[in-house]
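Fit chain V to the given chain Y structure using the hints.
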Amino acid sequence: MANKEVRVLGAWPSPFVMRARIALNIKKLDYEFLQEQLGSKSELLLKSNPVHKKIPVLIHGDKPICESLVIVQYVDEVWSSGPSILPSDPYDRAIARFWAAYIDDKWFPSLSGIPRAQGEEAKMAAIQQVRDGLELLEDAFVKCSKGKPFFGGDSIGYLDIAFGCFLGWLRVTEKSNGVKLLDETKTPNLAKWAVRFCSDVAVKDVMPDTDKLAEFAKVLFAKFRAPPPSN
Amino acid sequence: MAKSDVKLLGAWPSPFVNRVQIALNLKSVDYEFQEEKFDNKSELLLKSNPVHKKVPVLIHNDKPICESLIIVQYLDEVWTSGPSILPSDPYDRATARFWAAYVDDKWFPLLKELRTTEGEEAKAEISKKLKEGLVLLEEAFIKCSKGKGFFGGERIGYLDIVFGSFLGWLKAVEKIAGLKLVGELVTPGLAAWAERFCSHEAVKGVIPETDRLVELAKIIQARLKAQSAPK
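Just so you know, the protein sequences line up as chains Y and V, in that order. No gaps in the numbering here: position 152 of the first sequence is 152 in the numbering used here, and each next residue is one more. No gaps in the numbering here: position 135 of the second sequence is 366 in the numbering used here, and each next residue is one more.
The reader is advised that the hints may include incorrect statements.
What the hints assert, rightly or not - With a Cα cut of at most 30 Å, we get these calculated DSBU-like pairs of lysine-lysine: (1) K379/V <-> K360/V; (2) K53/Y <-> K411/V; (3) K192/Y <-> K223/Y; (4) K284/V <-> K294/V; (5) K343/V <-> K278/V; (6) K449/V <-> K272/V; (7) K379/V <-> K186/Y; (8) K294/V <-> K148/Y; (9) K192/Y <-> K28/Y; (10) K337/V <-> K186/Y; (11) K223/Y <-> K337/V; (12) K143/Y <-> K284/V; (13) K47/Y <-> K362/V; (14) K294/V <-> K268/V; (15) K53/Y <-> K374/V; (16) K360/V <-> K53/Y; (17) K362/V <-> K146/Y; (18) K63/Y <-> K192/Y; (19) K411/V <-> K359/V; (20) K192/Y <-> K278/V; (21) K435/V <-> K456/V; (22) K435/V <-> K343/V; (23) K377/V <-> K53/Y; (24) K379/V <-> K411/V; (25) K359/V <-> K272/V; (26) K359/V <-> K53/Y; (27) K106/Y <-> K238/V; (28) K238/V <-> K411/V; (29) K63/Y <-> K374/V; (30) K278/V <-> K186/Y; (31) K47/Y <-> K337/V; (32) K238/V <-> K146/Y; (33) K106/Y <-> K278/V; (34) K411/V <-> K435/V; (35) K238/V <-> K268/V.
Unchecked claim - Beyond 12 Å from chain Y on every Cβ pair, some chain V residues (computed): (36) L277; (37) N292; (38) T311; (39) R324; (40) E440.
Read the hints as simulated data drawn from the structure, not as lab findings. Given the structure is predicted, the values throughout are model-derived calculations rather than measurements. Backbone N, C-alpha and C fix where the C-beta goes; we use that ideal spot for every residue, glycine too.
Okay, chain Y solo, but in the shape it has when bound (with noise of 0.2 Å):
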C-alpha cells in the first residue's frame, strides 16, 4: 500500500503517540512523523481530531484515525498482510482487549497518580495501587504468553504494545520517586519481558530515553502543577 500517505501526528515523549508507531514499525511502513509543541496544538491537529485535539492521530490519506487503541487496531486491519497485531483467536482477543482496557482506565492513572499524591500516605497508597496491578499483569502474561515471550506470543501484540508504551514513564516514576515497582522478585516475568520489549527492533528506536524522559517530565509539572491545596 505505497502510494497512500501516512502521517503520525505526535510527540516523543507520549507514550500513546508509541503504540501507533510501534504499530506502524511492526508492518514496517513508512510514516511522516509531525511532531506537535507542548502548549500549542497545529492546525492540522485541530482539524483532524476536533472532538478531543489531541495526539496521536494517524493521517491514512486525507483520513484522519485517533485514538491511540482505535489506531492500532485500523493499522493491523488495514495491511493485513504484515505481522499480525491482534491475536487471531476471538477469545485471545477478548483477553487483549481486556488487559488494554484495564491498563488505560486503572494502571496508568494508577501510576498518574503517584506524582500527583499529596502527602506520605497517599503516596505509600498510590504506590502500592500501581504494585497490585502489576502483580495482575504479571498473571495475565503468564496466561497470555503461554511460555513464550510476549503477551501476544512469539513476537510483539496488541497487549505488548498497550502496556509496553508506559515502561518510560514507569521508569521516570521509579526515580524520581525512589522506589521500585517493577520488581524483579514480585513479577519476574514482567521484569524479563520489559527488557525484551524495550530493545525490540519495532520499539527501540520510538522508546525514549529515560534520562531525557526525566527531565521533560520536570518541564511538563512545572508548566502545569496544579497549586497546591489550600489549608
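Frame of chain Y, contents of chain V only:
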C-alpha cells in the same frame, strides 16, 4: 448451540448488559440469563470477573469474557454466520470505535452526573454539555449512516448498540431532570433513529421502560442519602 453453552451474568437496568443482550439477539444466540444483585454478587460473578466484579460477563463454554464492548466484538467474531455488527471497512470500524469510546468516556458520565445533580444552575450546566455532545453525535450519525436508518447503515451495528443502549436512561434522566435532551429540532436524525432503534426486533423488550428506571433512580438516590453521614 445449546443454551447452557452461553450464559450472561447481568442486571436488567444496566445499559452495558443491554448491549450484550441486543448483540445476542441480533445473532439469534440462545443463552441463559443470570440476574445479579448489586449488593449481593454471586460466586460465579466474583470468580468470572475478579478484576472488576462487574456485569456484564459472558460465559461461553466456561470461558468468561468481560467488558461490554469487548463482549460485543467477541460475539461478532465468533458468530460470523449472523448479521455483522462491526462495519466491514477498516476506516468505518475505526470511526465506530472512536464514537463508542466517546460515548462511554465522555458522554455517558455526564448523563450519570445529571441524574444525581440538584439545583437548576448545575443541571443547566451539565445539560448544556450533554446537548453539545448530542450535536456531535448527530453529525456522526449523518456521516456514518450515509442516508440510511442506522449508524451501521441499513442494519443495526456496533455504534447503534453502544449508543442506543443508553436511550432508556436518557429518557429516564429527561424525566427526572425535567428537560428534553434529544429533540426533532436540534437533533432530528438522532430523534428519528432513537424511535427506529427502540422498536427494532433485537432491541424491543431489552431496554427497560422509562418509568421503571425513574423508580429505580429514586430508590438509589434515597439509599445514597440514607448512607451519607447525619449532621
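Hints versus structure:
1. K379/V <-> K360/V: With a Cα-Cα distance of about 27 Å, the restraint between K379/V and K360/V holds, given a limit of 30 Å.
2. K53/Y <-> K411/V: 29 Å, holds
3. K192/Y <-> K223/Y: Violated, at roughly 35 Å.
4. K284/V <-> K294/V: 15 Å, holds
5. K343/V <-> K278/V: Holds - the C-alpha atoms of K278/V and K343/V are around 28 Å apart, at most 30 Å.
6. K449/V <-> K272/V: Holds: K449/V and K272/V sit about 22 Å apart, inside 30 Å.
7. K379/V <-> K186/Y: 55 Å, violated
8. K294/V <-> K148/Y: Holds, because 22 Å separates the two Cα atoms, which is no more than 30 Å.
9. K192/Y <-> K28/Y: Since the Cα atoms of K192/Y and K28/Y sit roughly 25 Å apart, the hinted pair holds (cutoff 30 Å).
10. K337/V <-> K186/Y: Distance of about 36 Å is beyond 30 Å: violated.
11. K223/Y <-> K337/V: Holds. K223/Y to K337/V sits at ~26 Å (cutoff 30 Å).
12. K143/Y <-> K284/V: 20 Å, holds
13. K47/Y <-> K362/V: 22 Å, holds
14. K294/V <-> K268/V: The given pair, whose Cα atoms are some 22 Å apart, holds under the 30 Å limit.
15. K53/Y <-> K374/V: 20 Å, holds
16. K360/V <-> K53/Y: 17 Å, holds
17. K362/V <-> K146/Y: Violated. K362/V to K146/Y sits at ~48 Å, over the 30 Å cutoff.
18. K63/Y <-> K192/Y: 38 Å, violated
19. K411/V <-> K359/V: 11 Å, holds
20. K192/Y <-> K278/V: 29 Å, holds
21. K435/V <-> K456/V: 34 Å, violated
22. K435/V <-> K343/V: OK: K435/V and K343/V at ~23 Å, within 30 Å.
23. K377/V <-> K53/Y: 25 Å, holds
24. K379/V <-> K411/V: Holds: K379/V and K411/V sit about 25 Å apart, inside 30 Å.
25. K359/V <-> K272/V: Between K359/V and K272/V the Cα gap is close to 36 Å, so the pair fails against 30 Å, i.e. violated.
26. K359/V <-> K53/Y: 20 Å, holds
27. K106/Y <-> K238/V: 27 Å, holds
28. K238/V <-> K411/V: Violated, at about 37 Å.
29. K63/Y <-> K374/V: Measuring from Cα to Cα gives roughly 13 Å; hence the hint holds.
30. K278/V <-> K186/Y: 24 Å, holds
31. K47/Y <-> K337/V: Given that 30 Å is the threshold and the Cα spacing comes to 20 Å, the pair holds.
32. K238/V <-> K146/Y: At roughly 27 Å apart (the allowed maximum being 30 Å), K146/Y and K238/V satisfy the hint.
33. K106/Y <-> K278/V: Holds - the C-alpha atoms of K278/V and K106/Y are around 20 Å apart, at most 30 Å.
34. K411/V <-> K435/V: It holds: about 23 Å lies between the C-alpha atoms, which stays within 30 Å.
35. K238/V <-> K268/V: 16 Å, holds
36. L277: 15 Å, holds
37. N292: 9 Å, violated
38. T311: Check fails; 10 Å does not lie beyond 12 Å.
39. R324: 7 Å, violated
40. E440: 31 Å, holds
In terms of the numbered hints stated before, the structure departs from hints 3, 7, 10, 17, 18, 21, 25, 28, 37, 38, 39, listed from lowest to highest.
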